[in-house]
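Enquirer: This is what each chain is made of:
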Amino acid sequence: MFDTNELVINMGPQHPSTHGVLRVVLRLDGEKVVDADVVIGYLHRGIEKLSENRSWTQIILLTDRMDYVAAATNNVGYCETVEKLMSLEVPRRARYVRTILCELQRIASHCLWVGTHAMDIGAMTVFLYAFRERELILDLFEEFCGARLTYNSMRIGGLPLDIPPGWDKKVLEFCTIMSSKIDEYEELLTHNRIWLERTKGVGIIAGPEALALGLSGPPLRGSGVARDVRKDEPYAAYDEMAFDVPLGTAGDTYDRYLVRMEEFRQSLRIIRQATEGIPEGPIVGKVPRLIKPPAGETYHAIESPKGELGYFIVSDGKSTNPYRFRVRPPSFCNLQGLRRLVKGHLVADVVALIGSLDVVLGEVDR
Amino acid sequence: MAEAIVFYTLAAFILGFAVLVVTTKDTVHSVLFLVLDFLFVAALYVLLEAPFLAAIQVLVYAGGIVVLYLFVVMLVNLQRPPEAHEDPRRLTRVGFGLSMAVLAELAAIAAYSASIPASPAIGSAAALPVSGNTEEVGWMLYTSYLIPFEIASMLLLVAMIGAILLAKREL
Amino acid sequence: MIDALLIPTIKILIVLNATLVAVSYMVLLERKVIAWAQSRLGPMRVGPYGILQPIADALKLMIKEDITPVRADKWVFTAAPIITMVPALIVYAVIPFGPEVSLFGRQVTLYITDINVGLLYIVSVASIGVYGLILAGYASNSKYPLLASLRASAQLISYEVAVTLTLVSVIMVAGSLSMVSIVRAQESQQVWFAFIQPVAFVIFFIGGLAETNRAPFDLPEAEQELTGGFHTEYSGMRFALFFLAEYANIIVVSSVATTLFLGGWLRPFPSWEWLSFLDIIPSWMWFLLKSFAFLYVFVWVRATFPRYRYDQLMRLGWKVLIPLAILNLVVTGIVKVLVGAS
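Chains as they are written, first to last, in the numbering used here: chain A, 76 to 441; chain B, 313 to 483; chain C, 61 to 402.
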């Protein structure tokens, strides 16, 4: 237009590509984004407040529903935090199975990420392929705990069930299938010139700034900062696994994409090691019948597929409910970087950047 | 005979649309009537056995130039009424005067062209074994009328560069 | 009398009906092919293997409520889809489906007409189609469709330049603007123009994708954009017209590409006698097969590639395709002069 007034445009909360109920109010100068106001809260269900009236074991059900794309990871994080507060020993077998399930979730989450990210940029076929593989993982989970999305698959001190016989063989079969499928996604995207033009140089953020913004996970590693909770503060069985942590250099959308694609492969590596080396033993440790952690507070973080997922719990030692249950969701902190990332970019890039940060609104709003 | 009927029908449409262009209140409708006008003029060219010119009329005029008119009209969004003049009848008087001048000019041209003898068809002057409107126009453009052709393209180039300069904020 | 009036009328009726049926089944083709590319099946319920799906879609769109926005310009709002559809259909007047054949004792040409500026007619009619886009956005009286329609039409106009330049190189090689002469030139030169003008063919294909607002150039109508593009405010039959017009344009581009670059109705290697068993397949069938192959590639491209951003799209058109097309033109001219001199 001929005037230089800024246009205010509202994206969402109902929008095909905001990955949930996210609202972004964009201020545009022509086609360039001058500012973005991210409005969240549309999926707030009061999980943290609800947990104050639930017993420690019941809260596991609630944690499933935060990052519903990778529910088992939430479970693991919460159980480990309570175990840390209660100084419980988790048997080695349980830790191995937790690792396998977490890594399967990482692959499932990244499958969804690559599908939706590619679809937002226009490559709709990758979406179908990625979901085809995600189905295989969901089948594995269904066999293990009976659910496909919200698993409730962990207990404080271990797991509720042992893995069914033959499950580990199925997991290894899955790993074989998955490797070739990752190559398929890469073939469609990684060297495609249109993909490169849409993602290279889009949303560049330097390492120190990413740290200052509080990013974690692939957005942070894409900017070259080597921070992965699995390596820095190992949990579950990660201290016994050999794997690499991919790092990016330029900090743009393409590097974040490459980081996650490599994480696919590293996850497969971990799953193979864990499945082949799974030790015998009990699946749940010595846990009192009534979970009543001693008075105190603790914070524990794990590396969820989206970034650093942290739990802060305060127990007053007397009741069977937590006094305070607080989650540090990676998507919430990563989403704060959206405003900084979209400045100066075009409207079509906003969608690519939301996908690049890989946000799940269940986590953001809780 | 059939040709005459077709010609007069087309002429009626062309004049009708031209009047509508000037009299419609809505500017966008006015531009659309102009497009229709051009399409009928193209039909007139076909009647004159100049299909190349007809296609070019549609392609360049109706399909290019008027599209740009339409862009401007839609974006500028004329909705305020025209300013009131001190003497509203002045517009009518000036319009009448101008149209009389144009009419006199047309009459002069008509009288002049009726007086000169009919000249042979342009094409036969340059002994070319080509036939068909396209070839003739092309030949003329690139031989006899080469300089006006080049000047026209220069003009267009200057206009394009000017438009970009005006619209761009930083270079 | 019969020859002058009845036969062209019959031809027009056949071509129009065939085109409209083809357009509706093109929708099904796209859904099926994209589905197969995505390892799923596509429409399967309506009719065996989903064959009756286009009829179901047409019925649904026809009985939908016809909503016109309150302050929209009624005439323009109604006219816009029509203006988009009509050019796609009238192009078929000059597309040759085959040479003269004898039918019921008459010599009948398998094309409605052959004007000596056929190709120019196609280009000029296509440029009228832009109005439909612009007016659709304007008539909706809402700022997002207006912006989207302006972008879409700017895209169309830009790529029209590149496409027209490639057509000029084809004209230079064929020596005529008439569509039938171009096919005959391919017959006499015994080579499809796709092989002697590969750059023009590729640019025509890419330009055709952009002209018809197809992936990877479909940003103006992508759902991931802020709105549904210029046809946001249209519903029911009006939307159906836009939808069908897009597919009609795709079929037009395929038909034109077949005629200009893939030898039209000629079978492969028409001069080789030992391949004359291929003549069982009639000429118009060859035309349809080649057009179909082109259509398939269009759908394939949509299933595979991501989408260009608008500024990248315009940059591609202006900074890459147009210079290449001009270069191709210059080289063709030079080669023609040299070959003609020798």
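Derived by calculation from the structure, the hints in this document are not laboratory data.
There may be inaccurate statements among the hints.
[What the hints assert, rightly or not] Output of the computed footprint for chain C on chain A, the stretches with three or more beta carbons under 8 Å from beta carbons of chain C:
#1 262–269
#2 414–427
[Unchecked claim] Subject to a maximum C-alpha distance of 20 Å in a straight line, what follows is the list of computed PhoX-like cross-link-like pairs (lysine-lysine):
#3 K134(C) to K337(B)
#4 K480(B) to K107(A)
#5 K379(C) to K480(B)
For clarity, every value in this text was computed on a predicted model and none was experimentally measured.
Beta carbons: idealized from backbone N, C-alpha and C, even for Gly.
Enquirer: Three residues minimum, CB to CB under 8 Å: does the region 262–269 of chain A make the cut for coverage by chain C? Let me know.
Expert: This one holds; 4 residues, not fewer than the three required, reach chain C with a Cβ under 8 Å.
Enquirer: Assess, step by step, whether the Cα of K480(B) is no farther than 20 Å from the Cα of K107(A), and give holds or violated.
Expert: Holds - the C-alpha atoms of K107(A) and K480(B) are around 14 Å apart, at most 20 Å.
Enquirer: Is the listed coverage of the region 414–427 of chain A by chain C valid when you require three or more residues with a beta carbon under 8 Å from a beta carbon of that chain?
Expert: Holds: 5 residues of the region 414–427 of chain A have a Cβ under 8 Å from chain C.
Enquirer: Can the restraint linking K134(C) and K337(B) be considered satisfied, given a maximum Cα separation of 20 Å?
Expert: holds, 15 Å
Enquirer: Does the structure keep K379(C) and K480(B) at a Cα separation of 20 Å or less?
Expert: holds, 17 Å
Checked against the numbered hints above, the structure violates none of them.
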